[in-house]
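S.K.: With the hints as extra help, turn the sequences into a complete structure.
Going line by line, the protein sequences match chains P and D. FYI, in my numbering the residues of the first sequence are 13 to 534. FYI, in my numbering the residues of the second sequence are 13 to 534.
Quick caveat, the hints were computed from the structure, so don't treat them as lab data. Owing to the predicted nature of the structure, the values given are computational and were not obtained by experimental measurement. Do not rely on the hints blindly, as some may be mistaken.
Which copy is meant is left open, because identical chains are indistinguishable; a pair holds if it fits in one copy or across any two.
List of simulated lysine-lysine pairs, DSSO-like, C-alpha gap at most 27 Å [stated by the list, open to error]: (1) K323 - K252; (2) K47 - K475; (3) K47 - K71; (4) K223 - K48; (5) K288 - K318; (6) K47 - K223; (7) K71 - K293; (8) K47 - K67; (9) K48 - K72; (10) K448 - K533; (11) K280 - K323; (12) K288 - K67.
Number of protein chains: 2
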Amino acid sequence: MSKTKYINKIGIEIPAYIEGIGALQPYSGSFTKLKKGIMEEPSIPPPNKSILPHKSKLKKSIKRAIQACNPHDGMTISFHHHLRGGDAVLMQVMEVIAAMGIKDITLASSSLTSAHDGIVPMIMDETITGIFSSGVRGELGLTISHGHLKKPAVIHSHGGRVRGVHTGRINIDIAVIAASASDEEGNATGSHGPSAFGSLGYACIDARYAKNVIVVTDNLVEYPCIPPSIPQNFVDFVVKVDSIGDPKKIATGTTRITKSPLDLRIAKLASEVITKSNYFKDGISFQVGAGGASLAVAKFIRTAMKEKQIKGSFLLGGITSYGVDMLNEGLFRAIFDVQSFDAAVSSSILNNPNHVEIPAGYYANPYNSGCVINKLDVVVLGALEIDTNFNVNVITGSEGDIRGASGGHSDTAAGAHMTVVVCPSFRGRIPIIKKKINNVVTPGETIDVVVTERGICINPLRKDLLQQFAQSNLQIRTIEDLEEEVRGICGETKPVEYEDRIVAVVEYRDGTIIDVIKQIKE
Amino acid sequence: MSKTKYINKIGIEIPAYIEGIGALQPYSGSFTKLKKGIMEEPSIPPPNKSILPHKSKLKKSIKRAIQACNPHDGMTISFHHHLRGGDAVLMQVMEVIAAMGIKDITLASSSLTSAHDGIVPMIMDETITGIFSSGVRGELGLTISHGHLKKPAVIHSHGGRVRGVHTGRINIDIAVIAASASDEEGNATGSHGPSAFGSLGYACIDARYAKNVIVVTDNLVEYPCIPPSIPQNFVDFVVKVDSIGDPKKIATGTTRITKSPLDLRIAKLASEVITKSNYFKDGISFQVGAGGASLAVAKFIRTAMKEKQIKGSFLLGGITSYGVDMLNEGLFRAIFDVQSFDAAVSSSILNNPNHVEIPAGYYANPYNSGCVINKLDVVVLGALEIDTNFNVNVITGSEGDIRGASGGHSDTAAGAHMTVVVCPSFRGRIPIIKKKINNVVTPGETIDVVVTERGICINPLRKDLLQQFAQSNLQIRTIEDLEEEVRGICGETKPVEYEDRIVAVVEYRDGTIIDVIKQIKE
Numbered sequence: 013m014s015k016t017k018y019i020n021k022i023g024i025e026i027p028a029y030i031e032g033i034g035a036l037q038p039y040s041g042s043f044t045k046l047k048k049g050i051m052e053e054p055s056i057p058p059p060n061k062s063i064l065p066h067k068s069k070l071k072k073s074i075k076r077a078i079q080a081c082n083p084h085d086g087m088t089i090s091f092h093h094h095l096r097g098g099d100a101v102l103m104q105v106m107e108v109i110a111a112m113g114i115k116d117i118t119l120a121s122s123s124l125t126s127a128h129d130g131i132v133p134m135i136m137d138e139t140i141t142g143i144f145s146s147g148v149r150g151e152l153g154l155t156i157s158h159g160h161l162k163k164p165a166v167i168h169s170h171g172g173r174v175r176g177v178h179t180g181r182i183n184i185d186i187a188v189i190a191a192s193a194s195d196e197e198g199n200a201t202g203s204h205g206p207s208a209f210g211s212l213g214y215a216c217i218d219a220r221y222a223k224n225v226i227v228v229t230d231n232l233v234e235y236p237c238i239p240p241s242i243p244q245n246f247v248d249f250v251v252k253v254d255s256i257g258d259p260k261k262i263a264t265g266t267t268r269i270t271k272s273p274l275d276l277r278i279a280k281l282a283s284e285v286i287t288k289s290n291y292f293k294d295g296i297s298f299q300v301g302a303g304g305a306s307l308a309v310a311k312f313i314r315t316a317m318k319e320k321q322i323k324g325s326f327l328l329g330g331i332t333s334y335g336v337d338m339l340n341e342g343l344f345r346a347i348f349d350v351q352s353f354d355a356a357v358s359s360s361i362l363n364n365p366n367h368v369e370i371p372a373g374y375y376a377n378p379y380n381s382g383c384v385i386n387k388l389d390v391v392v393l394g395a396l397e398i399d400t401n402f403n404v405n406v407i408t409g410s411e412g413d414i415r416g417a418s419g420g421h422s423d424t425a426a427g428a429h430m431t432v433v434v435c436p437s438f439r440g441r442i443p444i445i446k447k448k449i450n451n452v453v454t455p456g457e458t459i460d461v462v463v464t465e466r467g468i469c470i471n472p473l474r475k476d477l478l479q480q481f482a483q484s485n486l487q488i489r490t491i492e493d494l495e496e497e498v499r500g501i502c503g504e505t506k507p508v509e510y511e512d513r514i515v516a517v518v519e520y521r522d523g524t525i526i527d528v529i530k531q532i533k534e
Numbered sequence: 013m014s015k016t017k018y019i020n021k022i023g024i025e026i027p028a029y030i031e032g033i034g035a036l037q038p039y040s041g042s043f044t045k046l047k048k049g050i051m052e053e054p055s056i057p058p059p060n061k062s063i064l065p066h067k068s069k070l071k072k073s074i075k076r077a078i079q080a081c082n083p084h085d086g087m088t089i090s091f092h093h094h095l096r097g098g099d100a101v102l103m104q105v106m107e108v109i110a111a112m113g114i115k116d117i118t119l120a121s122s123s124l125t126s127a128h129d130g131i132v133p134m135i136m137d138e139t140i141t142g143i144f145s146s147g148v149r150g151e152l153g154l155t156i157s158h159g160h161l162k163k164p165a166v167i168h169s170h171g172g173r174v175r176g177v178h179t180g181r182i183n184i185d186i187a188v189i190a191a192s193a194s195d196e197e198g199n200a201t202g203s204h205g206p207s208a209f210g211s212l213g214y215a216c217i218d219a220r221y222a223k224n225v226i227v228v229t230d231n232l233v234e235y236p237c238i239p240p241s242i243p244q245n246f247v248d249f250v251v252k253v254d255s256i257g258d259p260k261k262i263a264t265g266t267t268r269i270t271k272s273p274l275d276l277r278i279a280k281l282a283s284e285v286i287t288k289s290n291y292f293k294d295g296i297s298f299q300v301g302a303g304g305a306s307l308a309v310a311k312f313i314r315t316a317m318k319e320k321q322i323k324g325s326f327l328l329g330g331i332t333s334y335g336v337d338m339l340n341e342g343l344f345r346a347i348f349d350v351q352s353f354d355a356a357v358s359s360s361i362l363n364n365p366n367h368v369e370i371p372a373g374y375y376a377n378p379y380n381s382g383c384v385i386n387k388l389d390v391v392v393l394g395a396l397e398i399d400t401n402f403n404v405n406v407i408t409g410s411e412g413d414i415r416g417a418s419g420g421h422s423d424t425a426a427g428a429h430m431t432v433v434v435c436p437s438f439r440g441r442i443p444i445i446k447k448k449i450n451n452v453v454t455p456g457e458t459i460d461v462v463v464t465e466r467g468i469c470i471n472p473l474r475k476d477l478l479q480q481f482a483q484s485n486l487q488i489r490t491i492e493d494l495e496e497e498v499r500g501i502c503g504e505t506k507p508v509e510y511e512d513r514i515v516a517v518v519e520y521r522d523g524t525i526i527d528v529i530k531q532i533k534e
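M.R.: Right, dumping it as structure tokens:
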């Protein structure tokens with residue numbers, strides 16, 4: 013008899029099969045599968061197409077373009093989220109599709125933001141029954157957490173999404189690619205035009221694998237559109253719309269440097285950990301995640317690099333204007349940009365050859381000959397919760413509701429020489445450092461340092477770091493000790509009450525399941 | 013009973029099966045298959061790999077790198093030919109492999125030049141038993157023509173090669189990519205370094221599909237190497253050698269503008285055909301092939317564009333310094349460069365964002381959502397022979413020996429609005445315009461105009477062109493009339509005598525067989 017469930021490497025029960033998703037594999041360690049040198053799950057061939065010379069790809073409306081793509085019940089449609097809170101393309105397209113009466117759609121967006129709350133009614137009426145995304149927020153998160161999505165959502169990392177498309181787990185029927193400039197053949201970019209938003213990194217894999225690819229732009233330019241971030245040979249149809257959205261809404265919330273004194277203090281501490289580590293030297297490569305204190309670390313590192321006259325190798329990841337300034341100041345030789353966290357970054361992608369737009373596979377796919385995160389020295393990441401095994405939750409809030417994003421968190425944590433998580437030890441009397449957290453996205457074995465306002469914890473697996481910092485004046489303490497102190501301040505927390513039903517699975521970057529998210533009890 | 017042979021659309025007998033190659037399909041018309049909107053032959057999935065973070069890809073020697081790639085009898089090894097007559101990588105690698113005693117190898121180089129005559133002994137001792145290439149010249153051509161290669165060679169077009177890799181007909185075990193600069197992760201380029209040679213366009217598909225990818229460079233640079241023309245996530249090993257070759261030998265022979273008065277006269281006539289056509293207007297896109305008169309046409313078009321103040325869209329193909337000058341003069345908005353015909357072009361690729369390095373699939377693969385040749389207005393090509401049905405031979409000489417290259421000939425002829433072939437009507441008493449030619453590479457239905465020193469022939473299929481030029485002072489005549497005149501001058505030619513054995517097949521870009529090349533009688 014085959015197994016009906018597993019206990020994965022971090023002790024979480026994973027069903028062997030979930031209706032609507034299929035067979036699951038339990039998480040078995042960050043590098044267990046990568047060590048094998050191959051991907052066990054076979055990949056699928058990209059689709060084969062042909063077109064006659066000089067045939068037009070232009071369609072008069074989104075509806076016409078969708079109609080040309082053999083739309084059908086049960087199809088999978090993909091989007092990219094570079095326009096973040098300013099995106100107007102996903103909703104425009106989904107409204108057209110909903111009006112066409114198509115049902116049972118799987119929505120595969122590289123992430124979902126507050127701009128996509130409008131799909132909630134489409135979940136309620138089963139227009140959308142499945143979701144693949146690296147993040148879910150707002151109304152949409154609550155809708156899923158309360159069990160309204162028919163099939164459990166799959167939360168993936170940015171690198172894992174590329175793997176999922178290669179293997180056909182995400183088998184895209186129609187990819188919709190928003191572009192701030194495109195020509196009539198679909199050479200498309202986000203690097204110029206009135207709605208410029210920067211990198212198109214997440215959309216590259218969709219363009220290669222989707223059975224139908226539609227470029228949607230508000231800026232149809234003379235042929236050829238340069239740079240062809242998405243090359244014409246992958247694009248089937250091109251549609252001009254009035255607006256793809258508001259790029260000013262990209263740089264909000266999690267993509268701005270905090271003004272909170274607490275976060276700034278934590279960021280300062282984290283920068284000291286970095287500058288006192290052996291990695292802080294010429295050739296250092298560096299990434300900071302979005303949100304709270306993590307972005308602020310860049311500010312302090314910038315100053316420290318100038319003081320010590322250190323010249324780094326590359327900056328990676330979601331790229332802010334801060335990163336571009338550091339490139340222009342000569343602090344780093346290059347930027348690899350899979351996602352621009354500020355529309356202002358676009359002109360740097362366009363004009364600076366050392367600001368390199370990269371596909372998500374190049375960024376973080378664990379199953380290729382070596383993505384860029386494998387070259388990272390230091391990454392600074394945020395957290396919603398951390399347990400005493402250093403496991404990190406970035407997907408569910410303290411009430412157990414889905415309200416975050418996996419993003420590149422587990423990818424970069426696995427790749428970097430030193431992964432530093434920055435967060436307060438508690439927020440508003442709710443502990444962040446806990447014995448048991450609601451969900452796990454990134455396994456503790458890939459987290460090296462946790463920096464809070466109440467001290468710094470080093471993962472005991474990293475004896476080398478403990479030794480390095482032993483001589484420093486850094487306030488190092490065990491995470492058990494910190495957890496106890498936090499519990500003393502906040503008191504025991506009442507665990508969230510869940511139903512039995514699984515509403516989402518958290519996929520690790522290698523395709524195994526690291527956690528399941530359950531329906532919240534009303 | 014299944015068929016043992018076919019007669020293809022241009023009346024040539026094609027066997028249904030050839031030992032060592034497999035089942036063959038007869039050529040059925042240039043667009044018959046493309047009209048279907050899909051590729052019938054299924055494509056294969058790209059290989060799946062994985063690697064641990066921070067693991068070195070550097071190998072101390074070519075031998076060590078080959079040893080790491082599971083070398084074995086019967087394997088397929090691929091190369092690109094951007095260094096043309098100056099290439100030193102193919103021979104260095106093949107000598108190592110031959111010394112290792114590996115036999116029955118299929119050599120899949122995007123083309124082969126005089127720099128590769130050294131593989132003749134490897135053919136004789138069956139180290140190499142199969143060849144895929146777009147061109148074969150010199151000693152190597154004679155060796156194949158005289159029946160010494162065990163399996164028939166497959167001559168493909170540049171676009172067709174990409175299709176062949178996608179379908180697995182060319183199933184690459186080891187791809188070797190020569191780079192003028194690479195970092196230790198294999199981010200590789202031909203655009204800078206002492207041996208800079210320009211575009212790496214042909215190697216892109218090999219990098220994506222080969223089970224093992226080795227970058228060979230004489231210029232290992234600090235990480236990251238920018239631009240990553242070949243991105244690190246496809247590269248398994250990196251080797252530093254003393255020299256990848258001599259880029260000064262790229263711009264020789266077929267890549268220089270002719271000084272022959274006859275060729276210049278033909279080129280002038282061809283430029284008149286173009287400037288008097290309806291395609292000569294703002295937005296014109298243009299490609300000239302290598303060799304003889306065709307490259308010289310660019311010279312006259314340049315002057316005409318300046319005089320008429322015409323601003324073109326893009327220049328395509330093998331790119332010379334002439335093309336770069338035209339870009340810099342503002343005569344074209346962009347260059348798409350799959351192969352640089354002059355090492356001096358490299359700095360333009362590196363520094364001019366409108367000089368775009370493109371993969372061969374983007375250039376000419378018939379099986380995608382639309383390659384760039386599909387947007388071409390005018391292409392000017394050469395010919396070794398042309399028959400009165402406008403079929404063109406660019407692969408075998410008047411003695412029937414293999415000495416040419418398919419290259420992008422049939423690709424661009426299929427894509428362009430107007431395909432102009434330039435050649436003398438005879439050379440040294442040997443007719444070029446003939447009733448029956450030795451071999452066909454490009455079908456006559458894709459050739460629109462033939463320009464010789466004795467007049468201009470328009471394909472009767474192009475009634476629109478005949479009408480356009482009716483009012484002009486161009487000396488238009490039928491190709492039958494021209495052939496008769498040439499025959500009057502040169503006399504009847506004795507047909508080449510062949511054995512029955514097929515030594516090579518000429519694959520059309522869609523994978524069907526347009527012709528077979530037979531062994532020459534001694």
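S.K.: Would you mind marking each hint as holding or not holding in the structure?
M.R.: Each hint, compared with the structure:
| no. | hint | result |
| --- | --- | --- |
| 1 | K323 - K252 | between (44 Å within a copy, 25 Å between copies) |
| 2 | K47 - K475 | within (22 Å within a copy, 64 Å between copies) |
| 3 | K47 - K71 | between (47 Å within a copy, 19 Å between copies) |
| 4 | K223 - K48 | between (31 Å within a copy, 15 Å between copies) |
| 5 | K288 - K318 | within (15 Å within a copy, 62 Å between copies) |
| 6 | K47 - K223 | between (32 Å within a copy, 17 Å between copies) |
| 7 | K71 - K293 | between (53 Å within a copy, 26 Å between copies) |
| 8 | K47 - K67 | between (47 Å within a copy, 11 Å between copies) |
| 9 | K48 - K72 | between (49 Å within a copy, 23 Å between copies) |
| 10 | K448 - K533 | within (19 Å within a copy, 83 Å between copies) |
| 11 | K280 - K323 | within (20 Å within a copy, 56 Å between copies) |
| 12 | K288 - K67 | between (60 Å within a copy, 25 Å between copies) |
Checked against the numbered hints listed earlier, the structure breaks none of them; every hint is satisfied.
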